[in-house]
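Dock chains B, C and D with the ligands against the given chain A, drawing on the hints supplied.
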Amino acid sequence: MPDTCVNIVIGGEAGQGLVTVGDFLAKALVRAGYEIVVTQDYLSRIRGGHNTYAIRVSHEQVHGPRESIDLLVALDAQTVLMHRSDLTGRAMVLADESIDRLGHPGLSIPFKALCPKPMFENIAALGVLARMLCLDRKWFEDLIAETFHKKGDEIVSANLKVFAEALAWAETQQAGFSCMPAPERTEKRLFLHGNDAIALGALAAGANFCSYYPMTPSSSVASTLIEHAQRMGMLVEQAEDEIAAINMALGASYAGARVVVPTSGGGFALMVEGISLAGMTETPVVVVLAQRPGPATGLPTRTEQGDLNLVLYAGHGDFPRAVFAPGTPEQCFEMTYRAMDQAEKWQSPVFVLTDQYLADSYRAVTPFDLSALPPVSAPDLTTDKPAGYERYAVTESGVSPRLVPGFGEHLVVLDSDEHTPDGHITEDLDVRVRMVDKRMRKGLGLKEDVLPPIFTGDDAPDLLLACWGSTFGPALETAQVLRQQGKKTAVLHFGQVYPLNPDQFLPLLASAGRTVMVEGNYSCQLAALIRQETGYVFGATVSRYDGLPVTARHILRQLEKAN
Amino acid sequence: MPDTCVNIVIGGEAGQGLVTVGDFLAKALVRAGYEIVVTQDYLSRIRGGHNTYAIRVSHEQVHGPRESIDLLVALDAQTVLMHRSDLTGRAMVLADESIDRLGHPGLSIPFKALCPKPMFENIAALGVLARMLCLDRKWFEDLIAETFHKKGDEIVSANLKVFAEALAWAETQQAGFSCMPAPERTEKRLFLHGNDAIALGALAAGANFCSYYPMTPSSSVASTLIEHAQRMGMLVEQAEDEIAAINMALGASYAGARVVVPTSGGGFALMVEGISLAGMTETPVVVVLAQRPGPATGLPTRTEQGDLNLVLYAGHGDFPRAVFAPGTPEQCFEMTYRAMDQAEKWQSPVFVLTDQYLADSYRAVTPFDLSALPPVSAPDLTTDKPAGYERYAVTESGVSPRLVPGFGEHLVVLDSDEHTPDGHITEDLDVRVRMVDKRMRKGLGLKEDVLPPIFTGDDAPDLLLACWGSTFGPALETAQVLRQQGKKTAVLHFGQVYPLNPDQFLPLLASAGRTVMVEGNYSCQLAALIRQETGYVFGATVSRYDGLPVTARHILRQLEKAN
Amino acid sequence: MIPIEQYGTFETAWCPGCGNISINKALKKALSILDLPPHKVLICSGIGQAAKSPHYLRCNCFNGLHGRSLPPAQGAALANTEVTVFAESGDGCSYGEGGNHFLAAMRRNVTMSYLVHDNQVYGLTKGQASPTTAQGQATKFQPWGTPSMPFNPVAVAVTMDVPFVARAYAAEVDHLADIIVQAARHPGFALVDILQPCVSFNKVNTYAWYKERCYKLGQDHDPSDWQQAMHKAQEFGDRIPIGVIYKGSRQPYEQRIVSSVRRPLATSKPDMAALADILEGYA
Amino acid sequence: MIPIEQYGTFETAWCPGCGNISINKALKKALSILDLPPHKVLICSGIGQAAKSPHYLRCNCFNGLHGRSLPPAQGAALANTEVTVFAESGDGCSYGEGGNHFLAAMRRNVTMSYLVHDNQVYGLTKGQASPTTAQGQATKFQPWGTPSMPFNPVAVAVTMDVPFVARAYAAEVDHLADIIVQAARHPGFALVDILQPCVSFNKVNTYAWYKERCYKLGQDHDPSDWQQAMHKAQEFGDRIPIGVIYKGSRQPYEQRIVSSVRRPLATSKPDMAALADILEGYA
Ligand SMILES: Cc1ncc(C[n+]2csc(CCOP(=O)(O)OP(=O)(O)O)c2C)c(N)n1
Ligand SMILES: Cc1ncc(C[n+]2csc(CCOP(=O)(O)OP(=O)(O)O)c2C)c(N)n1
Ligand code: SF4
Ligand code: SF4
Ligand SMILES: [Mg+2]
Ligand SMILES: [Mg+2]
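Residue numbers (this note's numbering), protein chains in the order written: chain A, 3 to 565; chain B, 3 to 565; chain C, 21 to 303; chain D, 21 to 303.
Only chain A is shown next, with the shape it has when bound in the complex (with noise of 0.2 Å):
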């Protein structure tokens, strides 16, 4: 991989329109068939700073984000001195002619000549980075037209116009970048970040009601929810605070409603004793939490997956629960569709875990077989004995029959106190007791469905490297290098990180020389809900918490410390 793939970063302020350059190049990049991973970098501030996006690229499959540059779009000249230092043997650095390029090859693009008005400035370093990446310039036409096309015609051609003329003078540079291979998929391929996905499948599966509030890097979920909510007749509303969001969310599910609510762990905490209600009440409720690094406000708009343990652990009292932790885009909108499910199927509070990290990135992604996709489990509406309906009846599965209020005779009574099966508040002892055991009973039904682990790799591998969420693509690429150093290594990703089923990998981690678990968090949450739940203790750990994503030189370099 080292050699086929190259790493554009886009570098400026905020407000300069990196986003705006990096989304389009990335789309193009999507639609001429190469795979991309995109990781945005940016600051906890409107207007100045120095933000990046980074778009890996390549014909084959790429995983990861990388460090080293081999394209550096500068916005600015803040950009080329900081990241002067990352660019390897063959970089070429594109920037104004007004920027000083401290002597590194590139372009220096004549932006004022080539735009009739500085708002060009992005197109117009899209027809440079079109030529430098030998793409075909029908990708970024086609872009421009869809795009403008709101605005009329005058506007795409204007547009159209400096894309063609920045194009020619890029043509007619020296500074050739060596073109990558051509991909050899013709299919076509979805541009989706993490974010999009967890939205998409959420209303894949029937969401049909979503109560947030704001908060980075969640806030994208809401956003796409609300692009489609017109179409797919969906009920968005922003909470006054997050102990609305939850509980408002709780009422609607009661009610009928098929809710998602999207936040992050400082968000979240506060939802912790309606999660507890969820708990009691036995409502459906799916929880995305986009992670970001803690404790309390901390760097707000950078990655972390530091939350395991407080969504583990979330709510007074014991109650069951489950924890999907996606690895790519394809898995946030599989798992969350999964999520939606099983919250029903055990009416839970089930828990989607993402970070800031995946949130933001972009892969072309293989369209979903929607038609492919197993049915949902949803509550009944009505009953043929609504005298004798108990939305607590005690059952064998721990589950009861769920219906909705208003549709038949039956009254539907939910109570956050202990109460009897008829739903009302009790003090009877012993009815708590039977009540507990059949709350927790639907804890040995969320076991038995849970999703296995994926293995992926050499098997009986000299190295496994256990990882979880986000962390999936940068443990595979570290593999493939490793394998390439000739190591037997292998992969093993929780996509569901609670409950965990031991039988699903205690072999595999036993058949491998040494196993390390590789988080983005200080203490390695993951590892010590292992340890806990198995006693099974990893030869070593990795650990990322500075807020950027984990990538695979970091997993080498501390493999390399740990040896």
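Simulated from the structure, these hints should not be mistaken for laboratory data. Any given hint could turn out to be false.
Stated by the list, open to error - In silico negatives: residues of chain A with every beta carbon more than 10 Å from chain D: (1) 83; (2) 107; (3) 225; (4) 244; (5) 382; (6) 430.
To be verified - Chain C side only, calculated, beta carbon under 8 Å to chain D, not exhaustive: (7) 119; (8) 151; (9) 161; (10) 167; (11) 276.
These figures come from a predicted structure and were not determined experimentally. We put the CB at the ideal spot given by N, CA and C, even for glycine.
Okay, now just chains B, C and D with the ligands, sitting in the frame of chain A:
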């Protein structure tokens, strides 16, 4: 113990005054030199229903509650019906003559004849009880005088008269109850329940600010503080909600107050983000969490030990903390005192976990030696070098100098975002790593300071009962019973449940033939934590989650089942 | 009119003489007048003595968390058009722990009725000051007198142009029932603050205290006149007006919901063709 | 008067032209007039663009959680009499997430000043509707228009008899500085709602929009007259009055604190003799 102790249960409706009778009697017993364990079992309502106040009493040490009843004071007919199956062979039932004793031996008391007004019935009952228990009347007479002192001499003598007449009437009755052996001790003891002791421990350590939101069973920590606020100069404020309570406390702590925040599980769930803020800003705070059964509102007035996981993992992101779990009122005092010190010393959130049973359980407590208390850490008011002051200076221990704002020219800057040593918001990712490392280093200090678990009983025992918090007493009693049956038994009580120092207990666990963890929750949370931290797996677990305190009988039965 | 018996009779956990008992009676009466069978009624409550109310009435009931009666009520009302939604809770729950939801619900204006049992004290937790306790009033937890000024929910609701604002008195059962009927029929968010004697913990605001002070608003009060309403909302002392204080006409939230949302949501299934088309848009 | 330079100059993370910059200037000016050296100033803030303010000013600073500027401010003000306490945050933080604390602080009336940077939008999270966003105003997250009615903090504060209530405009730096000085000098809780243009996300309430509407209250406005104050508090449309809207005279919380509490609490040590005596009482 079985023979020399008497279990007195007073039963009746809420509002009938059973707590008055119970408190009076229990206090008289303590003054008379007896040992007691009080268990209060009440409903979440103000009038009606069925409550009990149980006093287990002996001239020797008593450790926990007991199910079987030797003396049943029935304030209503319901009480006889509900508890008749628990009566021992020698049991007596004391009730008004209008109440059917259902054939059980006892006394039918002519309350109407003995009391000029119904309000005197409690005092009359005490007269009869004094006689039944062969207690010196002076203990009661003193208490009557002290209690009614404020209401004037007339009320005092009216009550004394009723008491005397009831006593005299009881002396004329045949139904003798064999006198308990007289206690030998003559020193004064204090009549305290767990929450009293927690409040007093906090005051002794200099707590001078308490913000709280009422919640059973924590409210009596606040009310005891309020009772002494005037004399101790404490500022107590009822907040608008729990979020305000914790954040107000953090603001006060920052500004130089010594703070304590009492709450229960559901209220604490709302403080989770605030705990994370305490972790990030390194602001000392002691949170007292009085546990009750969850999830959600659960059983508001009953007991459980279900919130250990919640305090262990409350807050998003990693940061250090300490958790104390006292087992007796003495430990409540000592450990809250220590918690105040540790919170300040390590500038971290520190928890005192108690539960409804211990919170409400009065005991005879040896007076605390205030002069022997170790000094308590305190923030500095000012510095010689105000200009260079850095609230988060990076140090080897992780602890930075904590100054109080306003007492000198230094500026104290706190931030919930990641921050530079001087406290200002930063997005410098190297600083981030240094700050995480600094904060986490405090965890090592907290670990060095950890209180070892108490080991008591036979060395190299056949059976070792591990426990934490209020389960201490019942475990001790169980050990006593088993030892009498010839089984070498020991108890290992974790008074501090986090951090854990394995060196302090793994050898002890290894020395035992069999180990059993006893916990008042469904999932045995401490056992899971110990496995996570040490890999140690207990031979068996005993749990209880019906809302009642763990008792020796419960443990013995579960042990039998597990065999 | 539905026969009142349909709403059932229940043993309550309330103290004898508690004002909650009359409120429960009035609510049943109102539902009967509203012709709402039990299964068409959905009541969300918080935690406290008042919050136990929906257990003492046949209805769909979501007895949630302390302070959180309003969010689930709004969620349920938005999701389910088959039921008439009420939220019911105590003053502490509603104006203390739940204050932020109260503010937001007034702004949001979802059609539902909010029945607050205002006993000016925390009953279930044994008598602490609540947000409506009079300043200076002593309790076991506020032995030097409640330090804060009491909250006047009615005045704040009028200020915030809540479309239906009423003050009622528990002991005036028929009057209260009539107000509840009006509240339920009014589009948008309706607040009924119900003065409720707590015989166990509030020894100041007793039946006698209220009886001396409460008077019914008559024909001369025009609830559509904001100034008059504000004036009456602030009258709380020697004289306390009960009745409908204010009536406005703000557009309820439901009228602003995206038209494509098919309510009740329980019957709305995802349009997979539309979704396929949306996915195409990402290509 | 303290030289303004003492409060330092800082690089900010705000957008060029942001109203926060003028507010920061006005606050420094006010502190200078108030003669408060940096170490005698304590500012608590929440999270948001506005909440970064105390980092751009030499002072004691507690930059806490989103929505939670008021609880630590009150805690600090109660604990520490050596400092003058301010809370400063955005409209979302103050009236959205933190609404319940706002209600309680108004009732509690601890002496401190609350400076709310009211840009009628969530700035830091990129432009969602805030509680003060106009109904119907479209945002990326509210593409069909903000559904809720806007919150009028000034009117609610007047209704709740907050002793000092003002509305100010960021661009009127001297006027704002003067209001902050008055707020800090007034005993009890003081609210200053500061209209603040957000050049990045609020394209409706712009400098031009405010300039056209804002006018300074003159001598003819008597802030001690509640009716007049309420009238001015509700004026928010074609004309927006800025200045001190209301001045009352409620007793501040500090005057109700138990006399034995020795403030600042940092210097109060436990009286062990008293405690020994208390313990005796349990014997
Ligand atoms: C989060 C949370 N905090 C506190 C409590 C304890 N609590 C239960 S009821 C109550 C007060 C009830 O007062 P109010 O709402 O006025 O109802 P009332 O009992 O007076 O009818 C409190 C504080 C709780 N259950 N949950
Ligand atoms: C508990 C919590 N919820 C949400 C957020 C995310 N958040 C940060 S700032 C903000 C809104 C800020 O709006 P406002 O208070 O008006 O300040 P502005 O940025 O407009 O100055 C939000 C929602 C958070 N940090 N914490
Ligand atoms: S305590 Fe008060 S509010 Fe509660 S039931 Fe008794 S009288 Fe009613
Ligand atoms: S986004 Fe708005 S409020 Fe935030 S700094 Fe920019 S202009 Fe100011
Ligand atoms: Mg109340
Ligand atoms: Mg704002």
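These are the hints, each one checked on the structure:
Chain D leaves residue 83/A outside its interface by the beta-carbon criterion, the shortest separation being 17 Å against a cut-off of 10 Å. With 10 Å as the threshold on Cβ separation, the claim that residue 107/A sits away from chain D holds: the shortest Cβ distance comes to roughly 33 Å. Separation of residue 225/A from chain D is inadequate, the least Cβ-Cβ distance of about 6 Å not exceeding the 10 Å criterion. With 10 Å as the threshold on Cβ separation, the claim that residue 244/A sits away from chain D is violated: the shortest Cβ distance comes to roughly 8 Å.
Taking the minimum C-beta to C-beta distance to chain D, about 31 Å, the non-interface status of residue 382/A holds against the 10 Å cut. Residue 430/A, annotated as away from the interface, keeps every beta carbon of chain D farther than 10 Å; the closest lies near 35 Å. Restraint check, residue 119/C versus chain D: the minimum CB separation of about 4 Å is within 8 Å; hint holds. The interface hint given for residue 151/C is met, as the beta carbon of that residue sits about 7 Å from the closest beta carbon of chain D, less than 8 Å.
Of the supplied interface hints, the one on residue 161/C is violated, with its beta-carbon coming no nearer than about 13 Å to a beta-carbon of chain D, more than 8 Å. A least Cβ separation of about 4 Å between residue 167/C and chain D falls short of the 8 Å threshold, and the interface hint therefore holds. A hinted interface residue such as residue 276/C counts as satisfied when its beta carbon comes closer than 8 Å to some beta carbon of chain D; here the least separation is about 4 Å, so the hint holds.
Taken one by one, the earlier hints fail for this structure at numbers 3, 4 and 9, listed in ascending order.
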